[in-house]
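Take these sequences, add in the hints, and give me the full structure.
Each chain is listed here by its residues.
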Amino acid sequence: MNAELQAYLILIVIGFLPSEVWRWLGIVIGGGLDERSEIILWVRAVATALIAAVVARIVLIPPGALAAVPLPVRLAALACGFFGFLFIRRSAFAGVVIGEVVLILGALLFG
Amino acid sequence: MSSPPADPGTGTDTDAFLFGVRVASRSVFAFVIIFTYIGFGALCHDYGFSVGWAMLSTVLQWAGPAQVVLVTGLGPGTALIETAVAVALSSVRFLPIVVALVPLVKRDGMRPRDLVLPVHFMAVSVWVEAMRHAPTLPRERRIPFCNGIGLTLLLIGTVFTGVGYYMQAILPAMFGAAAMFITPISFLTSTARNARLLLEKAALGLGLAIGPLLAFSQVQFDLLWTGVIGGTLAYGLHRLQRSRSGKA
Chain A
27 MNAELQAYLI LIVIGFLPSE VWRWLGIVIG GGLDERSEII LWVRAVATAL
77 IAAVVARIVL IPPGALAAVP LPVRLAALAC GFFGFLFIRR SAFAGVVIGE
127 VVLILGALLF G
Chain B
6 MSSPPADPGT GTDTDAFLFG VRVASRSVFA FVIIFTYIGF GALCHDYGFS
56 VGWAMLSTVL QWAGPAQVVL VTGLGPGTAL IETAVAVALS SVRFLPIVVA
106 LVPLVKRDGM RPRDLVLPVH FMAVSVWVEA MRHAPTLPRE RRIPFCNGIG
156 LTLLLIGTVF TGVGYYMQAI LPAMFGAAAM FITPISFLTS TARNARLLLE
206 KAALGLGLAI GPLLAFSQVQ FDLLWTGVIG GTLAYGLHRL QRSRSGKA
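So the sequence lines, in the order shown, correspond to chains A and B.
Per our numbering, the first sequence runs over residues 27 to 137.
Per our numbering, the second sequence runs over residues 6 to 253.
Keep in mind the hints are simulated off the structure, nothing from the lab.
Built from N, CA and C at the ideal position, the CB exists for glycine as well.
Any given hint might turn out to be false.
Pair ranges (Cβ atoms, derived) [what the hints assert, rightly or not]:
id	chain 1	residue 1	chain 2	residue 2	range
1	A	N28	B	A84	16 to 26 Å
2	B	L202	A	L31	48 to 58 Å
3	A	I65	B	Y171	43 to 53 Å
4	B	L202	A	N28	46 to 56 Å
5	A	F136	B	P117	20 to 30 Å
6	A	G137	B	I175	13 to 23 Å
7	A	L101	B	I175	22 to 32 Å
8	B	G80	A	L31	37 to 47 Å
Listed next, the stretches of chain B that the computed footprint assigns to chain A, with coverage defined by at least 3 CB atoms under 8 Å from CB atoms of chain A [unchecked claim]:
id	stretch
9	31 to 40
10	99 to 110
11	151 to 159
12	219 to 233
Structure below.
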């Protein structure tokens, strides 16, 4: 019970708060901005570049089980998924499926 | 998976909420979140957490990469503060996405605390769909609409965390890796789909180019710096393009 309670406390203090604080800070900063202001364009660009950085980081420095898949396979899967998206009606779903298929086949062949 | 037709948005808050539910159910992210959280549930089982803990982690954190950091980082011999910092660094994307969203959805006279719950639902998945459809709705319907997307995806994530927890023993060996890969590939394709302006296309390309440079040079706060540098350069290109085309 004590260990279980400790796990929940850790979830809130180590898991929830350090992550949620960014959302709260976003309310404070975003609340003062106008939808049509120039700075909103800049913020949107920052958000997009940051999401791209998350993509690169997970593929290049992967967590846990993904690290067992060789780097060339991870990169090929990302590239094939992206080209699949571009050439199949700009469908995000098509890109995701193609990327996953390439990752799994590559891992089975070269893993 | 193509974009559903936008509702006229003349209805009630409930209509807007239900429109959000429909957008979420048809989104690529319904599929992505099912796989992500089956993987996360199974990971929690591997690491000896309870199913209740795993599902509460999804409800409270609602941040795939940070949840993986928390579960895998809490080993013996790891300082809790290090894990807390790693969780915070992995979730920094929430800051710019919320800053970009709030001016689009807030109504006059709203207090910050009125936004705490709607913004809790915000993740890249919800943000991508919200930014795509919210501008087509009247302002007063945008928050219920976002809540519909967010609550739907959060519920799917929570249910499938439990499902994955109990499926752990029967999942193929490849499942964990495939579930972790679905985050980057879905972020990439959905952000690219939303990128209509040079501003967004340049930001995406620059982020992909600068991110690895900073990550491998062990720069601290590499994600945040990539966002600021890549986003600022992209914004500069956008200004340049605008002044060349002669618009003010």
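Status of the hints after comparison with the structure:
Between N28 (chain A) and A84 (chain B) the Cβ separation comes to about 21 Å, which falls inside the hinted range of 16 to 26 Å. The hint said 48 to 58 Å for the Cβ distance between L202 (chain B) and L31 (chain A), and at roughly 50 Å that hint holds. Between I65 (chain A) and Y171 (chain B) the beta carbons are some 47 Å apart, a value that agrees with the proposed interval 43 to 53 Å. Checked against the hint of 46 to 56 Å, the C-beta distance between L202 (chain B) and N28 (chain A) comes to roughly 54 Å, which is consistent with it.
For the pair F136 (chain A) and P117 (chain B), the supplied restraint of 20 to 30 Å is violated, since their beta-carbon distance comes to about 51 Å. Between G137 (chain A) and I175 (chain B), the C-beta spacing of about 20 Å keeps the proposed range 13 to 23 Å intact. About 30 Å separates the C-beta atoms of L101 (chain A) and I175 (chain B), a value consistent with the hinted range of 22 to 32 Å. Taking 37 to 47 Å as the suggested C-beta distance range, the pair G80 (chain B) and L31 (chain A) does not conform, at roughly 19 Å.
Against chain A, the stretch 31 to 40 of chain B contributes 3 residues with a C-beta closer than 8 Å to a partner C-beta. That satisfies the three-residue criterion, and the hint holds. Closer than 8 Å: that is the beta-carbon criterion, and the stretch 99 to 110 of chain B has 11 residues meeting it against chain A, so the requirement of 3 holds. Using a Cβ-Cβ cut-off of 8 Å, 0 residues of the stretch 151 to 159 of chain B lie near chain A, which falls short of the minimum of three, so the contact claim is violated. Given a C-beta distance limit of less than 8 Å, the hint that chain A covers the stretch 219 to 233 of chain B holds, as 9 residues qualify and 3 suffice.
Hints 5, 8, 11 from the earlier list are contradicted by this structure; the remaining hints agree with it.
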